[in-house]
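**Student:** So the sequences go chain by chain: A and B.
So for the first sequence, the numbering used here puts the first residue at 1; every next one is plus one.
So for the second sequence, the numbering used here puts the first residue at 1; every next one is plus one.
Hints are computed from structural coordinates only; laboratory data are not their basis.
Since the structure is predicted, the reported quantities are computational estimates derived from the model, not experimental observations.
Every residue gets a Cβ at the ideal spot worked out from N, C-alpha and C, and that includes glycine.
Treat the hints with caution; some may be incorrect.
To be verified - From the structure, some residues in chain B lie toward chain A, with a derived Cβ separation under 7 angstroms:
(1) 30
(2) 33
(3) 43
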Amino acid sequence: VKHKTTRGLGSCRRGGVVTEVLLGLCGWSLAALVVARALPSVVSPEEPAQTLDRTAADPNAAERPAPASGTARTLAPSEPQPIGEAFDEDTSLPAGAPAVASYTLRGRLDAETHEVEGSGTVLWTNASNRPVTELYLHLYLNAFKNTRSLFFRSPFGRSRSGQRTTQWGYLDVRRLTAPAIGPQNLFEAAEFVDPHGDETDVRVPLPRPVPPGETLTLEVEWTSKLPGIVERTGHAGGFHLVAQWFPKIARLEPNGTFAHFSFHPHAEFYADFGNYEVTLDVPHTMTVGATGARTAERVEAGRRIETYRAESVHDFAWTAWDAFEQQRAAVGGVEVRLLYPPGHDHNARVTLRAVEHGLALYGRWFGRYPYPTLTVVHPPDSASAAGGMEYPTLITTGGPWFSGRLSSLVERVTLHELAHQWFYGLVATDEHAAPFLDEGLTSYAESMAMQRLLGDASGFSAFELSVSGEAYLRAAAAAVAHRDVVARPASAFASFSDLAGLVYARTATALGTVGAVWGEERTLRALGRYARRYRFAHPSPRHLIAAIREVVGEEAALTLSRALFEGGWVDFVAQEVRSVPVRSPAGVFDGPSGRQTQEPDEPDPARWQSRALIYRHGTLELPVDIDLVLESGERVRRRWDGRGRWTTLEHEGASRVVAAVVDPEIRVTLDQNLLNNAVAERVGSRARVLERLTYLAQLALGSLGP
Amino acid sequence: MMEHGARRSWMRRHLPALLLVYAFKLGVGLALAEPLSQVLTGAGVVRFPEGDRLLFARGGMVLLETLRLQHGVLTGSLTSALILGGAASLLSLIPLAFLMVSLDAQGEGSLGDRAPRSLGAVGPFAFLGGLTVLVQALVGLAAAATVLSSHRAARAVLDERGADLAALGIGLAGLGAVLLVGILEDVARAEVVCHRYTGVRALLPACEAFARAPMRLVSRWGARALLTGGLVLLGGTAVTHLGLEHPGAWRVALAWTVHQTVIAGWILLRAAWLGDALAHVRPSPDAGGVSRSARPSPDDTAARSGAPDDPSRGRAA
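This is chain A alone, in the form it adopts within the complex (with noise of 0.2 angstroms):
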């Protein structure tokens, strides 16, 4: 083949080369434009047909406001009392919990239709000082049975995760009787408490009241219909998630009243201890997972029928799937069942190690995990709206099949939900009300147990940069710092990303803070104390705050109650350094010889006298060290005990005074600003960073230019 030679690029046309550059910049203005369009379309498709869309359902729903439930509730049973020493050891910890409500069921599900048929009988002990003469319910499926939800009015029909569901959910109560009383439906007199139409919070008027102590049985049947997978319930294709699928009655203070509330997407779960004895029915294919310990399993009719008893828990949640693979092993005296999707081997692999870690570590803080069990559910990709969440001895983890090995995100979910066994779980606490002391506690407990098990770069780590969580929370904590206050209903928060970066970041935050600046040992012995006094016994606020305070000190009580209630916050600041010569006294003096006239002398240049000028901004009064930084490189540290809003550090040697460093340890991670925690007479090198850009940037040109 022979090419016709055109013309020499010496005598090519001037204008034949502006055409071809015009043709070439046009190449490539048309192939950011394709890319641009079309990228969007590629990587995000269109939602399935079937997703729910709230305003395109009901129009009208969004001019609603959303009722502002459980703000005004009480959240402490009784003013904290001392907890002393004993509650370190787990020789003080309770057997079980005083069962209030105690479920015996049975639930059949469909795995054509994702329904439930639910019957059983509910054990219910009036535990408060007074007689009760109605029961609140809770329906939380009906959260998403149609917009009017407070769940689909709020949002717009996002979950916290910000997804939606594909198919409603509900759950119908057919009959409810208390036999004791009489034969008739309660379910009858039922009202829903919420006025604009949302079913998750049911009023039940009794006929007689029911004096303390009186233990009431009731009957029920029910059918519940799982909506597509959202908020960590219902189904994705064959998986079932079953939570929050039976009638729950609402905890009973007290002083007699219920801490019942609709639905939030913000929000979480509140109720009462009692032992679960639940007979699931299902396809004979499916592998079951549940809350509790299985006490019996057979196959009849191609049906598989397993029995779960759980005793001093609060709730009870299942998962059913045909394609789960399974892995046990015992932990410590704990049976760890890991259900997980084919492929996943190696994420059981990280899970186990993690849960292994976890229980020891937990354990040994919090008090001994007191179940037989622990079943950790991996749910398949399709239905990841699942992953990450906590019930009773059972969580689900999350992430893809190869984040085990490219990421710490398996064993962080892992620590995190695993945690929550101690803080959510066995103290109890009310997660709608105060959600900061479950999620709060837990992601500071997830913390510090990734930090043992990865180190500094247990957030991420890449060649020579290393990501720590603490920095993540911190990151985030200050991000929202001045957005809300952290003690709030889970309801109240503008959004989940407030909710987020104050409940579960800046109360881990706080924590970290309390613990470098006073010693993290006696911080987690606090949590310690706090988690086994009030095992069992839903403590509040005031409870934590009393064991911060017993443990670590006033201060640190006072401290971490400002930061938690109050918005509380703090910038430290380094203003400035100056150093001068230090001179001889000049001027007038009156002695005892008489007047003497001293004349400025010439300044001493090998002495010098140096100043460093901080301030303290915001609420929070914390001690910090600060180091001065001298001239020949050597560094002589004080203490500022962070009171009044500003502080001079003086200092007198041979060698001036060239930087001065707040808190270089960085332990007040509270700090709203790290940056302005130095000041320095030269500004230092920024040489590193200009030869990592530079190599990046030529990388980058070698890569994508010609």
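Using the hints, position chain B against chain A.
**Tutor:** Positioned in the frame of chain A, the structure of chain B alone reads:
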């Protein structure tokens, strides 16, 4: 394997062009990095006696704080850097043309002779670049769409891992197609330089030249790409062990040296590949103008001329 003397001779002949390419990359790198480094360090890290090594400290507390506080400014600076980088990509056609003309002339001729040829090649290069980016974007998007739709379909019959791996396979095939377009572009550039074609005129001969020995071209390009990737990885690993969070200007100097050595190595490998592409399309004197690539023994020309244009041919093959 090329002899040591031949390699030195090759280097000497093409040194000005290679230096021009390196200087351009360094200049652009610095121009892009300087404002970004100002943004990253200007928030306050340089107020610390430790300077910017705090950004590399384990735990990343200061790094995250810097990113948090400078997020808005950094986004703007990155956008500017992206635009500047795009313009630099276009400008980098000039040193590339100088390099390819130098490789084609095998170092002979004065700079004055080569400059007009090089500048003349920029126009066709720009056209080819634009066309390549457009085709690559279309191929990439088609591949992405195929990956996503096939992933959904695969989920019906395979488990998560199987479906992901199947999609990854399709994605890699798409990436291969994108890279193939890039190889074709280089061959077309070689046609432009060697035969002094316009960009449009070079397309068909380039495709024909590629079709005559696709495996040879892909393997030559692939070997250089793999070596480059290995070099980058090696450099990254080496610098990781320098401990940039610790004090010492020597660490920065060493990191700079390692990284610039990687860049220089990359440029040499790229030049070696472009030399190959030029040799592939160069007409053979004894074949009456027939491309050398049509001949059964592709290394003849180099052996014949005694001045092979690929310093790493023996190593890479």
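**Student:** Would you mind marking each hint as holding or not holding in the structure?
**Tutor:** Here is what the structure says about each hint:
1. 30: 5 angstroms, holds
2. 33: Since the shortest Cβ distance to chain A is 4 angstroms, the answer is holds.
3. 43: Constraint on residue 43(B) satisfied, holds at 5 angstroms.
This entry satisfies every hint, going by the numbered hints stated previously.
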